[in-house]
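Visitor: Sequence:
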Amino acid sequence: MSVRICIVSDIHHGTPTTTKRGDTALGLMDEFVRFTNDAKPDFVVDLGDRISDMDRDTDLRLEREVAEAFKPITSPIHHINGNHDRDYLEVSDNEEILGQSLENTTFDIGGWRIVLWRADSKIMRSPEHSGFVLRETDLVWLSRVAQTADRPLLVMSHVPISGHAQTGNYYFERNPESSTYPMAERARAALAQARVPVTCIAGHVHWNTITTVDGITHLTQQSLTESFTTNGEPAGAYGMLELGDTVNWQVHGDDPIAFSFKPGLARWTPPLPGFDSHPEFAARRRGQLK
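At position 81 of the sequence shown the residue is numbered 80 (numbering that gives the first Met the number 0), and the sequence of numbers has no breaks.
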């Protein structure tokens, strides 16, 4: 039995900022609602950044308006906080508005384990540290999920952990440190402990990407209202992910993509250290090894 998931990410409801067309968000949410109710998925996931933050009072209003936009959906909905949902609001504020817990959790469906990795997405801004903080409690939780997995895992988060290049990305080509968690390699190492197939999908970076690291496929889905890839018009992106022996991912809208793959168990050979620091390679260059 396949599992069908409708996904929306980075809605960014609010005043247009840079290339985010937040003024179109609620109209595009109407289209997502129609798509979802026609598709009748097993569940729906919102990958976070429902709003473009302004101040606490405005953000509370914007979050409530997005929550209202989700209400006509007839399938179960799971939300994840993005960094813009946390600039002026607490996790508890989002929980109250959305009517659900926003803690890390898992559930099993159709032979898969769905992992809602709601690692803290607040961006810190201080002289000591600017950017995300991957909290140890979130990392240990993910590690234990991987260690104990007895079926394929789909890990869903706001922030991607693949470490993929940001070349060409409007926001992150020159700000790559803000595209992922510091020490994201530890999160990848945690997932590598799994002895089952693992697939990851995230939002945050506002483009569709496919990256495979250590045999694990990482996807990122385009924002509903982003325009830097669509000539100033909102991408209107929303996706369908189907899980079975094969994973099928299709993003609709004006920045579409379709990709199918079979998640595997194999992990890769660990990367070499730098050639200059590898004793064997250095000895060969000196002619000491043949």
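Source of the hints: derived by calculation from the structure; they are not laboratory data. Some clues are possibly wrong.
With a Cα cut of at most 27 Å, we get these calculated DSSO-like pairs of lysine-lysine [as the list claims (entries may be wrong)]:
id	residue 1	residue 2
1	LYS70	LYS39
2	LYS261	LYS121
3	LYS121	LYS70
Note that the coordinates shown come from a computational prediction; the quantities given were computed from them, not determined experimentally.
Visitor: Would you mind marking each hint as holding or not holding in the structure?
Guide: These are the hints, each one checked on the structure:
1. LYS70 - LYS39: holds, 15 Å
2. LYS261 - LYS121: violated, 33 Å
3. LYS121 - LYS70: holds, 26 Å
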